[in-house]
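There are 2 protein chains.
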Amino acid sequence: MKTRVPEILGIEYPILQGGMIWVTDAGLAAAVSEGGGLGMIGAGGMAPEMLTEEITRAKSLTDKTFGVNIPLQRPDAGDMIEVAARSGVPILSTSAGNPLSFTALAKEQGMKVVHVVSNVRMAEKAQEAGVDVIVAEGYEAGGHNGFDELTTMALVPQVVDAVEVPVVAAGGIADARGMVAAFALGAEGVQMGTRFLASLESPAHDRYKELVVKANDRGTVITGRAFGPVRVIKNTLAEKILQAESEGWSTEQIMEMIGPGRTMKAAMEGDMDEGSFMCGQICGMIGELKSSAEIIQEMMEGYKEVAATL
Amino acid sequence: MKTRVPEILGIEYPILQGGMIWVTDAGLAAAVSEGGGLGMIGAGGMAPEMLTEEITRAKSLTDKTFGVNIPLQRPDAGDMIEVAARSGVPILSTSAGNPLSFTALAKEQGMKVVHVVSNVRMAEKAQEAGVDVIVAEGYEAGGHNGFDELTTMALVPQVVDAVEVPVVAAGGIADARGMVAAFALGAEGVQMGTRFLASLESPAHDRYKELVVKANDRGTVITGRAFGPVRVIKNTLAEKILQAESEGWSTEQIMEMIGPGRTMKAAMEGDMDEGSFMCGQICGMIGELKSSAEIIQEMMEGYKEVAATL
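Which chain is which? The protein sequence lines are A and B, in order. Counting in my numbering, the first sequence runs from 3 upward without gaps. Counting in my numbering, the second sequence runs from 3 upward without gaps.
With the rest of the complex left out, here is chain A (with noise of 0.2 Å):
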């Protein structure tokens, strides 16, 4: 297995976990990191205060390296990965928004950057930027999603052919298939999402959790496509956008009707119908939970056996 991964990001196997909303806590980020990967406590929806809570917590739960995902489009961005930095902790992961002053500040507190991208101008900016690893995540991924809607398959070669840095691929891997087509297509890891937001130490909703384990292949799609794209779960509220969206709803109009605090509610409450339950395309192969360890093991020995049938 070709990969700078590890040695850069000081882990053991090139397995990285994405951020997720209200999911990535200190617990999960810690089994992750425990189990070889790169956990990451997402920041999404914390005040500093409870990244500075979680950090510290991750910190008693493990010994290993673990990062933290920061979205740049926070207006306090900066702040936060100052709170991340003087933390210790030494890994940032960023992703929407411009990489070029947050990797900056970032390198100058001594943190690694690993930058999340949806096309190939994008993976150059990152590359300027001077991220050290560049995640190229496609179109079946859940949650927050490209413009351009390019799928793994296509974006991965075409992101490696464009910069030096490692290239992770994200979107559509959840087990040790998909881990080696990525590698095939050039990348020199994964991240992966839903598989770990389904696993028995992710705080998500017990509901959530079963929605996932229960979706087929159809289970997912795209809501907010014209002005923010996000796969969820196909439930009454994804329908409800889509309908809104179809009959021509203007994005003020839409928003206001989604409201605030839906991702929470689908992931700290359950709420099945009100809920926004990000998910990616893959969920219809996610059978059942497994331990953070359990993933990252099957993925680190599939890996041999798969590459061994080509």
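Treat each hint with caution, since some may be false.
Straight-line distance between alpha carbons at most 30 Å, and here's what the computed DSS-like set of lysine-lysine pairs gives [said to hold, decoys possible]:
| no. | chain 1 | residue 1 | chain 2 | residue 2 |
| --- | --- | --- | --- | --- |
| 1 | A | Lys4 | B | Lys306 |
| 2 | A | Lys236 | B | Lys236 |
| 3 | A | Lys306 | B | Lys4 |
| 4 | B | Lys236 | A | Lys127 |
| 5 | A | Lys216 | B | Lys127 |
| 6 | A | Lys127 | B | Lys216 |
Everything labelled a hint here was simulated from the structure, so no lab data went into it. Small disclaimer: the values here were computed from a predicted structure and weren't measured.
Fit chain B to the supplied structure of chain A, relying on the hints for placement.
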């Protein structure tokens, strides 16, 4: 390389050329078959007499196995299948529509049947219908596209897990990396459209081929998402259609605005503004025209090299 596909279809390599309206004529199909893959005459825009002529012409160009692709939504699909069978074509490729009665018809005539699907349920139905090979085609593919938007990375392993018949991956594949990735996901072959569109033997208009070669990763878009999704090069016509869709025009209004003959305008006249240029997301990776034989040879040789790195 583990694959049942060459033996079932009577070809040398498990590389299929997808049917493309106005593009996959006898010349291209014969070139692909001469190169060791499975060439296919795309009967989409042809009357029965023209199909007969093209089959005769392909036979004059190659002694190797080739097939005919017939979209099942054609009112005369049954007649077209009989034309192909009577002309001695051994392989029928079908897409869209229900494969049940047509598979029986083709198999009575001694043909092997390859059926294209875009979700797991369609694959299960195709298997029940008795098809010999299932092509699982992802959202990144050019031309007509499934409503579920499943990508190759997410779709292929889920289809492989659901059926016993061999699965061929399509969508987002244009080089050996994509082929190895497809096999890692459990596919036993690949089908390519866009790569063969940009071949020396393709009869597509030179301006069409140039569009494919020059396109970057963000070069394509889905039009008709609500009523009949088609992936095309982002040009004036595509933008007009997207605009109408975002303004909430009815399907009838959009269809009237589009009018007939748009794919012919693209493929035959190379009308950059008014044509509908079907094309897959992988166009950004295609940098030059090559002969079909070269495309196939590079994939087969590259396969071993890529697999050896895993």
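Could you tell me which of the numbered hints above are not met by this structure, giving the numbers in increasing order?
-> Result: no hint breaks.
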